[in-house]
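In case you want the letters, here they are:
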Amino acid sequence: MVEREVTVVNQLGLHARPAVLLVKTASQFSSDVKLSKDDIEVNAKSIMGVLILAAEKGSKVKVSAEGPDEEDAVEAIAKLFADGFGEK
Amino acid sequence: MEKITVREFFDNRKEVLELTLLSGADGLDSILESREVQRPSMALMGWYEEFARERIQVLGRNEMSYLQSLSPDKLVEVIEKLFSYNIPCIIVSKNIVPPPAMLEISDRRKIPLFVSRLSTVELMNKISLWLDNAFAPKVYIHGTMVDVYGVGMLYTGKSGIGKSECALDLVERGHRLVADDVVEIKKHSENVLIASGTNLLGHHMEIRGVGIIDIERLFGVRAIRMQKRIELEVRLVIWEELEDYERLGLEKQFTTILGVKIPIVTIPVSPGKNLTAISEVIAMNHMLEVFGENPAMSFVERLNEEIRRKKNLRDYLKNDFE
Chain A
48 MVEREVTVVN QLGLHARPAV LLVKTASQFS SDVKLSKDDI EVNAKSIMGV
98 LILAAEKGSK VKVSAEGPDE EDAVEAIAKL FADGFGEK
Chain B
8 MEKITVREFF DNRKEVLELT LLSGADGLDS ILESREVQRP SMALMGWYEE
58 FARERIQVLG RNEMSYLQSL SPDKLVEVIE KLFSYNIPCI IVSKNIVPPP
108 AMLEISDRRK IPLFVSRLST VELMNKISLW LDNAFAPKVY IHGTMVDVYG
158 VGMLYTGKSG IGKSECALDL VERGHRLVAD DVVEIKKHSE NVLIASGTNL
208 LGHHMEIRGV GIIDIERLFG VRAIRMQKRI ELEVRLVIWE ELEDYERLGL
258 EKQFTTILGV KIPIVTIPVS PGKNLTAISE VIAMNHMLEV FGENPAMSFV
308 ERLNEEIRRK KNLRDYLKND FE
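As they're listed, the protein sequences go chains A and B. Each step along the first sequence adds one to the number in the working numbering, with nothing skipped, and position 84 is 131. Each step along the second sequence adds one to the number in the working numbering, with nothing skipped, and position 145 is 152.
In case anyone wonders, no lab produced these hints; they're calculated from the structure. Some hints here could point you the wrong way.
One side of the interface only, derived from the structure: several residues of chain A facing chain B at Cβ under 10 Å [claimed, not checked]:
(1) 75
(2) 79
(3) 81
(4) 83
(5) 86
(6) 89
(7) 96
(8) 119
A quick note: this is a predicted structure, and the numbers were derived from the prediction, not measured. Note that beta-carbon positions come from the ideal geometry of N, C-alpha and C, so glycine has one too.
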């Protein structure tokens, strides 16, 4: 299992559009990908799960993946967060 | 485990327990470490062996009348001693007004002092119930929770296998949705798991190709439930020829969530399979079993009886040389 802590950097936080991007990215991998924030852990391939994290700018999210392509999955998602999902 | 502060307890319960904060507001952020409540009668009498300082302390008429019987000096000494144990908070029942010295010490020691209108027994029961719930072990599961004929069914399986679609179909047929996608599960007592949704999620669900829908708005309150005990887990898997599925239903499979054993049914999903009808049958079958009937077992008994009957007949004819 691979785990990494990432920070939400874009102004609007993890709102609907970035959530879709995240879910689509996570779904490209066959590993089980999970996100956790505070005490709640959700499936990164489910849009509702990602949305209810309601992660605001500056908050920390833990990305974890388990499976054959776990390294790549975490890398790709961490990159999305770091790029602010292409937003400011 | 989550940390619960005295402030959260107060904010959450002030109406139900009819609490009023008298003093010690500076200590509201101290953490509750125990799920138990206690009456510190023995402690007031000076006996502090085995005193559980981490519990919420409730003073009833009995304790308060003892305190009132003391001389002013002794009163201060007794209260000072009790507060010196750094207890989380004190609640006085029946709206009994505590002596001014107690307010002063509570402010100085930063230990909140509340008064409630309720009787001691009622107060202790209600606090216990709330603490049990607040301290209950909790886990979040990716799945869908539906009440089918009153049987709490937790659907699990990979993303996109059709959990939400199955739940939607069940709702259409008059069953009730508890939560989709993220199910919060709490362990109440030794063998009861209670599932509910999260605040933000409510009764929304995502249907691929459609987007996010609100079951409560679409189908009304009859289609939803806030929480439900988990009685069965239904695991949806992709149909693969190799896998071995239950064919008779004689042996029950179990899974464990938060240490509680729950029967699990694995259903292979394939095109043309009516998951809704199967779900209803699983629920009804579960109820039959709860009532003490096992259809698979009774069928096998019938079969065995038939085999025995045939064998007896054959044995009889074999020895019949007439």
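- Should the interface hint for residue 89 of chain A be scored as holding, given a Cβ-Cβ cut-off of 10 Å against chain B? 5 Å, holds
- Taking the closest Cβ pair, is residue 79 of chain A under 10 Å from chain B? At about 9 Å, which falls below the 10 Å cut-off, the nearest Cβ of chain B leaves the hint on residue 79 of chain A intact, so it holds.
- residue 75 of chain A as chain B interface residue, shortest Cβ-Cβ below 10 Å: Hint on residue 75 of chain A: violated, closest Cβ of chain B at ~12 Å, above 10 Å.
- Query: Quick one, is the residue 96 of chain A hint okay against chain B at 10 Å, beta carbons?
  - Reply: 5 Å, holds
- Task: For the hint on residue 83 of chain A, just tell me whether its beta-carbon gets within less than 10 Å of chain B.
- Result: 9 Å, holds
- Return the status of the interface hint for residue 119 of chain A: holds when the least beta-carbon distance to chain B is below 10 Å, violated otherwise. 18 Å, violated
- Message: Just to be careful: measuring from the Cβ of residue 81 of chain A to every Cβ in chain B, is the smallest value less than 10 Å?
- Response: Holds, because the Cβ-Cβ distance from residue 81 of chain A to chain B comes to roughly 8 Å (cut-off 10 Å).
- Return the status of the interface hint for residue 86 of chain A: holds when the least beta-carbon distance to chain B is below 10 Å, violated otherwise. This interface hint holds because 6 Å falls under the 10 Å limit.
The structure is inconsistent with the numbered hints 1 and 8, although it conforms to all the rest.
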